[in-house]
Amino acid sequence: MIRVLVFLVLAGLLALGVVWLADRPGQVAITWLDYHIDLSVMVMVVAIAVIVIAAIVFWSLVRFFLRSPQLFRLALRERKRRKGFDAISCGLIAIGAGDARAAQRYAALADKSAAGESLALLLRAQTAQMNGDRAGAEAAFRAMAERTDTRLLGLRGLFVEAQRHSDPVAARLAAEEAAKVAPALAWAGQAVLEFRCAAGDWEGALAALEESRKSGALDRAVYRRRRAVLLTARAIAEEDNRETARALVLDATRLAPELVPAAALAGRLLTEAGERRKAAKIIETAWKANPHPDLADAYAHLRLSDSARDRLSRVQALARIAPGQHEGALAIARAALDAREFAAARSALEPLAAEPTQRVAMLMAELEELEGDAGRAREWMARALNAALDPAWTADGIVSDRWLPVSPVSGRLDAFQWKVPVAELGDRDRMPVLIDMAPRRAVVSEALPQPSAPAVEASHEAVREVVTPPPASPPQPVSVMAAPAASPAPPSPIAPRRTPPPIMPLTQVPDDPGPEPDTESGAELGPPLPEGWQRFRQLFR
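Sequential numbering from 1 applies to the sequence shown in the working numbering.
No lab work stands behind these hints, which were simulated from the structure alone.
Mixed in with the good hints there might be a few duds.
Said to hold, decoys possible - The calculated DSS-like cross-link candidates involving lysine-lysine, where the alpha carbons are at most 25 Å apart (straight line), are:
{"no.": "1", "residue 1": "K288", "residue 2": "K278"}
{"no.": "2", "residue 1": "K83", "residue 2": "K112"}
{"no.": "3", "residue 1": "K288", "residue 2": "K83"}
{"no.": "4", "residue 1": "K112", "residue 2": "K80"}
{"no.": "5", "residue 1": "K180", "residue 2": "K214"}
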């Protein structure tokens, strides 16, 4: 509408100008050489306009003929470029459709028609990945990494290829270079953090975390949690230096008061330093958020010179902070058994005995044994075989006997959670792999309380059934354009998971195996017991 109004105004002004000139006639005389020309003003204006238009047209024609070779070359180049972009578009569509042959054909056409284009390099890399051509994919990604506009994409591709082929050195170099170029890049910062954690470089991990925070890649809550985990890991690594470890773990508890490993370690270190009140406050705060056996044990031993009954009173006070908790009842039962307060132990365990877990069944068996009822003790030991599992430190299908800052499978920071392992697997008959990270190898760990007897390990091997993890599927082509969740899990730069030897489970143990042998006289009161049942009896020797 505005354009129409502007056009009408200009047309009206032009018409007024023409009328104004027509109403004011005049004469223009031109004398040149022997020529004399008399013109009216109107004719002179029209003649000038015609001459100007003719001059413009003539100059345009001359300019077109002079530039025609260049215009022809530009037209051919644009046609070739358009053909190359059409090939790139069709090639990317073929990759999305999974047509490797068509993608390879279009990639060759794109290299010929649009050589040097960033999208052509991407198509070449994607096609090589689809065909399993590692050398071709790495060459394309290196070409991208050398260009300014595609540098980050090339580094991302090199990182993915290195992870697919289990090359942690190349993956770390690519991630660190990408983090240096773009600190706000989330995947690069996360990869650098995980690599440094896997190497035990806690100071470097803290520096990488600070870089991610400064770039805005992490929100405040995630930053505080991860920093607390790293400080706790560093404190554990430097536990021989008590002062340094204490300062680190106190910083961790200030950042994440609910972090159980930090609170338990802080409680032990502060107890050694004589700061029992501060240690108690830290443990109580963590207990309110996450009741845990380590917290109960640290709280029970706040005063090293206390008797077993004093420890029981302290644990009972801790349990009253968060009443109704499963861990509180188990902690009271454990302390009561140590103090030989059998009534208190039974009172704590009876509400849990209807649907006992393995720890509950083992504590009940120990209670019955200490009270002299061997038959009831054997019954509870038999029930422990099929009882539900207790919470444990679990990450990526791995169960550890202690908290670890990094998952040994995926390398994720703060991956271990205190939960029931079977809840993650969804199958009661398949138990997760139990590991002891001290020697960095898969072993059967003790998830149940241990009596001090040399036959405990053999007994636990008889109870546990360790299922060998399924073999990893061969690597599939991974696209750097795909979302991170769609790509396969990267190989861990940490020590790979070692498959533990399978252990044959015991057959069902009878409730009443018969009379016990007379150990004092050496005479058997009945037929010899099966070997598996003898192992269970050794727990209470």
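Open item on the list: What's the verdict on K83 and K112, does the C-alpha distance respect the 25 Å limit or exceed it?
Closed with: holds, 10 Å
Task: Proposed proximity, K83 with K288 (alpha carbon, max 25 Å) - done: Violated - the C-alpha atoms of K83 and K288 are around 67 Å apart, more than 25 Å.
Open item on the list: So if I understand the rule, the pair passes when the alpha-carbon distance is 25 Å or less; does K180 with K214 pass?
Closed with: holds, 13 Å
- [ ] Mind checking the alpha carbons of K112 and K80 for me, to see if they're no more than 25 Å apart?
- [x] holds, 9 Å
Open item on the list: With the threshold set at 25 Å, check whether the alpha-carbon distance from K288 to K278 stays at or below it.
Closed with: holds, 16 Å
Comparing the model with each numbered hint stated earlier shows that hint 3 is the single one that does not hold.
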